[in-house]
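Trainee: With the hints as extra help, turn the sequences into a complete structure.
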Amino acid sequence: SCGGHQLCNCSAVGLDFVPSGLTGKIIRLDLSHNRIQHIRSQDLRHAVNLRALLLQDNEIGSIDEDSFSSLGKLELLDLSNNSLAHLSPSWFGHLLSLQHLHLQGNFYRDLGEGSLFSGLQNLSSLHLGNSWFSTLRQGNFEGLEHLEELWIVGGKLSEYEPGSLKSVKRINHLIIDISHAAVFSAIVRDILHSVPWLDVRGMSFCVPDEVRLLRVLSSSSAKKVSFRWSSFTDATLPEIVGVLGDMLNLVEVELIACRLLGTGQWRMRIPAKQSQTVRVLTIKKLYIEKFYLFTDLQAVQHLLSLLTKVTIQYTKVFLVPCRLSQNLQSLEYLDLRANLLGDQALEHSACQGAWPSLQTLHLSQNSLSDLEMTGKSLSHLRNLTLLDISQNNFGEIPDVCEWPKNLKHLNLSSTQIPRVTTCIPPTLEVLDVSANNLREFRLQLPSLKELFLAQNQLKTLPGAAPIPSLVVMSVRRNKLNSFSKEEFESFRKMELLDASDNNFICSCEFLSFIHHQAGIEQVLVGWPDKYICDSPLVVRGAQVGAVHLSLMECHRSLVVSLICVLVFLVILALVAVGHKYHAVWYLRMTWAWLQAKRKPKRALPKDVCYDAFVSYSENDSDWVENTMVRELEQACPPFRLCLHKRDFVPGKWIVDNIIDCIEKSHKTLFVLSEHFVQSEWCKYELDFSHFRLFDENNDAAVLVLLEPIQSKAIPKRFCKLRKVMNTKTYLEWPLEEEKQPMFWFNLKIALRS
1 SCGGHQLCNC SAVGLDFVPS GLTGKIIRLD LSHNRIQHIR SQDLRHAVNL
51 RALLLQDNEI GSIDEDSFSS LGKLELLDLS NNSLAHLSPS WFGHLLSLQH
101 LHLQGNFYRD LGEGSLFSGL QNLSSLHLGN SWFSTLRQGN FEGLEHLEEL
151 WIVGGKLSEY EPGSLKSVKR INHLIIDISH AAVFSAIVRD ILHSVPWLDV
201 RGMSFCVPDE VRLLRVLSSS SAKKVSFRWS SFTDATLPEI VGVLGDMLNL
251 VEVELIACRL LGTGQWRMRI PAKQSQTVRV LTIKKLYIEK FYLFTDLQAV
301 QHLLSLLTKV TIQYTKVFLV PCRLSQNLQS LEYLDLRANL LGDQALEHSA
351 CQGAWPSLQT LHLSQNSLSD LEMTGKSLSH LRNLTLLDIS QNNFGEIPDV
401 CEWPKNLKHL NLSSTQIPRV TTCIPPTLEV LDVSANNLRE FRLQLPSLKE
451 LFLAQNQLKT LPGAAPIPSL VVMSVRRNKL NSFSKEEFES FRKMELLDAS
501 DNNFICSCEF LSFIHHQAGI EQVLVGWPDK YICDSPLVVR GAQVGAVHLS
551 LMECHRSLVV SLICVLVFLV ILALVAVGHK YHAVWYLRMT WAWLQAKRKP
601 KRALPKDVCY DAFVSYSEND SDWVENTMVR ELEQACPPFR LCLHKRDFVP
651 GKWIVDNIID CIEKSHKTLF VLSEHFVQSE WCKYELDFSH FRLFDENNDA
701 AVLVLLEPIQ SKAIPKRFCK LRKVMNTKTY LEWPLEEEKQ PMFWFNLKIA
751 LRS
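The opening residue of the sequence shown carries number 1 in the UniProt record's numbering; numbering runs sequentially from there.
It is possible that part of the hints are untrue.
In silico BS3-like links for lysine-lysine, alpha-carbon gap of 30 Å or less [to be verified]: (1) LYS316 - LYS285; (2) LYS224 - LYS166; (3) LYS376 - LYS493; (4) LYS169 - LYS156; (5) LYS284 - LYS316; (6) LYS652 - LYS664; (7) LYS479 - LYS405; (8) LYS284 - LYS309; (9) LYS449 - LYS479; (10) LYS493 - LYS459; (11) LYS224 - LYS316; (12) LYS408 - LYS376; (13) LYS73 - LYS223; (14) LYS664 - LYS645; (15) LYS449 - LYS459; (16) LYS405 - LYS376; (17) LYS664 - LYS748; (18) LYS449 - LYS493; (19) LYS290 - LYS316; (20) LYS405 - LYS493; (21) LYS73 - LYS166; (22) LYS739 - LYS652; (23) LYS408 - LYS449; (24) LYS290 - LYS224; (25) LYS284 - LYS223; (26) LYS645 - LYS580; (27) LYS408 - LYS479; (28) LYS156 - LYS25; (29) LYS166 - LYS223; (30) LYS479 - LYS376; (31) LYS156 - LYS73; (32) LYS309 - LYS408; (33) LYS459 - LYS408; (34) LYS493 - LYS479; (35) LYS290 - LYS309.
If you anchor each label on the Cβ, the simulated ranges turn out as follows [what the hints assert, rightly or not]: (36) TRP132 - ASN49: 33 to 43 Å; (37) VAL251 - HIS348: 26 to 36 Å; (38) LEU297 - SER69: 28 to 38 Å; (39) HIS86 - ASN383: 52 to 62 Å; (40) GLN301 - THR277: 11 to 21 Å.
It should be emphasised that the hints constitute simulated quantities derived from the structure, not laboratory data. Each residue gets a CB set at the ideal place from its N, CA and C atoms; glycine is no exception.
Mentor: Dropping the structure here:
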């Protein structure tokens, strides 16, 4: 259930069918990444206001003819990556508002005999095809006059009827992902004057005879040509460059994730004529297996003088030849980020006369390490206003550097700079030194308007007097904890201050001061918008009203400290209680008992060496040792008794001694008295005796009552001892001498039983 919400996300929840209960309130339904196999007529009947239906990455193999008949307002339908073996025009007949249709990644091999899309007058983007797609016929696109984007995937597309795409008068962006050069050539003939942006994907331009089929492209009026996931060789690349040079309207050429099999040793000479229209060249992630053997590109130097924007990223460029740089006379924008340029290579690349018109230069993520040398290498570029050398490793920087005279924007973020010096050019209007290890900022930059100091170690704001023109400042993720009145008053002209993710001491007075005293239009202090007190304040770009702050919100450090103290006191109290009530001993006793439980219930006869183990209180030792022991051990035959004073093994833990002696004795003789019940050690012996003996439900225990004991005096935890005394006979020591012989007789019989 979507709970009545307009946006219903049922993606990746293991659905086998479209859920029931869909209502007219839903405008977006996401059923992607499930196991749906069939769309029924009634599944979407009530979702009449649906604008987006996402069914990609399911197992849909069949759709009822009228499944989408009620979706007249649908604008996006995604059926990609399913199991549709054929497409039916009845599915789309009622989708009059449809703008985006994605059908790629299914099992169909063609689009049928007629047009599937004749009723889709508002369609702007169409994605179709798959690895088995093999045929395009005339009439497949009838009814479509204008498309923003058409993406055709056809790894096995081998049959293309000429004129199939001619019915579409304009396709702003045509993506062709096929492998047959002949089919590609036939498609290009149909769209020579209807496609401003031709995007070629997955083609291999490695056979010269096949590349010659592309000469038809020279008649195209396309303004932009892109190659993605394509392959070129030293033999075919000059031919392609020649074809692109003949395109009269071509402005931009783009190569993304392509592969060049060669080193620039081009046997065929590239025509001397140059394109008068190409201004933009973009190369990203070009893979050259032996890039270190690549030549200096002399063969194409004459083609580059009119380029105004060049982007070469992630291509392992380690040097731009000086002559090549000098030929880039019109270049205004150069992006060489994520390459292998070092300090010496940059000095050679930016030689005298190189890049005379350059205004923007990106050199981030290279191998630069000397800031002084970098500035000196570029100092002759009089038109350079923006320089990005972020994500290099400069470390310590000198006090004096040379820079281009008109440099306005400098990005030194993530360059391992521990401090800023007067090496920074005073002409700057924008300076980014984020993500370094700066602890202070005290530069004199009179023209600076934007300063970015995020992710440093600042504890105070930089002084305002040295940067009087500052309008925007970011000090987020530093170690600031407050602003003084003087600091804020010095920045009255500022429009935006981002101080979020710091360690501010939150208070209503502080927030009110920010708004009333400073007069700054936007202040980002890193708290949620609700933390505003007396009056409206712009925080994160929105005005909010007055609310109250909780104790946790205002004094987080204090609350955390109090919690830590309370936890410490609780632990201390538990330790004290445990010490008083012998908690550690009980834990050790429990462990010993668990070990005893694993032992055999009865010791082997050969291991039994005592007639009885005697458990008694030290206060009763006189009667036990001088009366009972003498009587029993001098009897005929004598009894062998085990006494802790005499028979415990010295140095052995007392608990182990108790357990071993009980196990090596036929009987356990308890001498019960008031002293016995009150004795701690006797209690411990009772613990183990009733664990070991009473749990076995045998008659190994012999109880001798030396004096009368109240049942209430027996600890409640010895419930089994209470039960034994209530259910079994025990011997009472008589004070009358004439009855004592009978006591000894009965005791001896009990011990021998």
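Trainee: If a hint holds in the structure, say so; if it doesn't, say that too.
Mentor: Now for the hints, and whether the structure bears them out:
Among the hinted pairs, LYS316 with LYS285 is consistent with the structure: their alpha-carbon atoms are about 9 Å apart, no more than 30 Å. A distance of roughly 20 Å separates the Cα atoms of LYS224 and LYS166; the hinted pair therefore holds under the 30 Å criterion. Of the supplied pair hints, the one linking LYS376 and LYS493 is violated, its CA atoms being roughly 35 Å apart against a limit of 30 Å. A hinted pair counts as satisfied when its Cα atoms are at most 30 Å apart, and LYS169 with LYS156 qualifies at roughly 26 Å.
Taking the CA atoms of LYS284 and LYS316, the gap is about 10 Å. The hint holds against a cut of 30 Å. Distance hint between LYS652 and LYS664 is fulfilled; the C-alpha atoms sit about 16 Å from each other, no more than 30 Å. Restraint check: the Cα-Cα separation between LYS479 and LYS405 comes to about 35 Å, which exceeds 30 Å; the hinted pair is violated. Between LYS284 and LYS309, the direct Cα distance comes to roughly 14 Å. Compliance with the 30 Å bound is thereby established for this hinted pair.
Proposed proximity of LYS449 and LYS479 is supported: the alpha carbons are some 23 Å apart, at most 30 Å. With a C-alpha separation of about 22 Å, the suggested pair LYS493 and LYS459 falls inside the 30 Å cut-off, and the hint holds. Using a Cα cut-off of 30 Å, the hinted pair LYS224 and LYS316 holds, with the two alpha carbons roughly 25 Å apart. For the given pair, LYS408 sits about 16 Å from LYS376 by alpha-carbon distance, which is consistent with the 30 Å threshold.
Between LYS73 and LYS223, the direct Cα distance comes to roughly 35 Å. Violation of the 30 Å bound is thereby established for this hinted pair. For the proposed pair LYS664 and LYS645, the alpha carbon gap of about 16 Å is at most 30 Å, so the pair holds. The straight-line distance between the Cα atoms of LYS449 and LYS459 is roughly 22 Å, inside the 30 Å bound, and the hint therefore holds. The straight-line distance between the Cα atoms of LYS405 and LYS376 is roughly 11 Å, inside the 30 Å bound, and the hint therefore holds.
Taking the CA atoms of LYS664 and LYS748, the gap is near 19 Å; set against the 30 Å cutoff, the hint holds. Only pairs whose Cα atoms come within 30 Å are accepted, and LYS449 paired with LYS493 is accepted, the gap being roughly 10 Å. Using a Cα cut-off of 30 Å, the hinted pair LYS290 and LYS316 holds, with the two alpha carbons roughly 10 Å apart. For a cut-off of 30 Å, the pair hint linking LYS405 to LYS493 stands: about 27 Å separates their Cα positions.
In summary, the hint linking LYS73 to LYS166 is supported, as the alpha carbons are separated by about 29 Å, within the 30 Å threshold. Under the criterion of a C-alpha separation no larger than 30 Å, the hint pairing LYS739 with LYS652 is inconsistent with the structure, at around 41 Å. Restraint check: the Cα-Cα separation between LYS408 and LYS449 comes to about 10 Å, which is no more than 30 Å; the hinted pair holds. For the hint pairing LYS290 with LYS224, the CA-to-CA distance comes to about 29 Å; that is within 30 Å, so the pair holds.
Note on LYS284 and LYS223: the hinted pairing holds, with a Cα-Cα distance of about 19 Å set against a maximum of 30 Å. Annotation: proposed proximity of LYS645 to LYS580 holds, straight-line Cα distance about 26 Å (limit 30 Å). For a cut-off of 30 Å, the pair hint linking LYS408 to LYS479 stands: about 28 Å separates their Cα positions. In summary, the hint linking LYS156 to LYS25 is not supported, as the alpha carbons are separated by about 43 Å, beyond the 30 Å threshold.
Using a Cα cut-off of 30 Å, the hinted pair LYS166 and LYS223 holds, with the two alpha carbons roughly 19 Å apart. For the proposed pair LYS479 and LYS376, the alpha carbon gap of about 34 Å is over 30 Å, so the pair is violated. Taking the CA atoms of LYS156 and LYS73, the gap is near 35 Å; set against the 30 Å cutoff, the hint is violated. Distance restraint check for LYS309 and LYS408: the Cα-Cα separation of roughly 19 Å lies within the 30 Å cut-off, and the hinted pair is therefore satisfied.
Annotation: proposed proximity of LYS459 to LYS408 holds, straight-line Cα distance about 27 Å (limit 30 Å). Between the alpha carbons of LYS493 and LYS479 the distance comes to roughly 24 Å, so the proposed pair stays at or under 30 Å and holds. Distance check on the hinted pair: LYS290 and LYS309 sit about 26 Å apart at the alpha-carbon level, within 30 Å; holds. The supplied range of 33 to 43 Å is met by TRP132 and ASN49, whose beta-carbon atoms lie about 36 Å from each other.
At roughly 30 Å, the beta carbons of VAL251 and HIS348 sit within the given window of 26 to 36 Å. For LEU297 and SER69, the Cβ-Cβ distance of about 60 Å falls outside the hinted range of 28 to 38 Å, so the restraint is violated. Distance hint check for HIS86 and ASN383: the Cβ-Cβ separation is about 60 Å, which falls inside the suggested range of 52 to 62 Å. In this structure, GLN301 and THR277 meet the distance hint of 11 to 21 Å, their C-beta atoms being roughly 19 Å apart.
The earlier numbered hints that this structure contradicts are 3, 7, 13, 22, 28, 30, 31 and 38.
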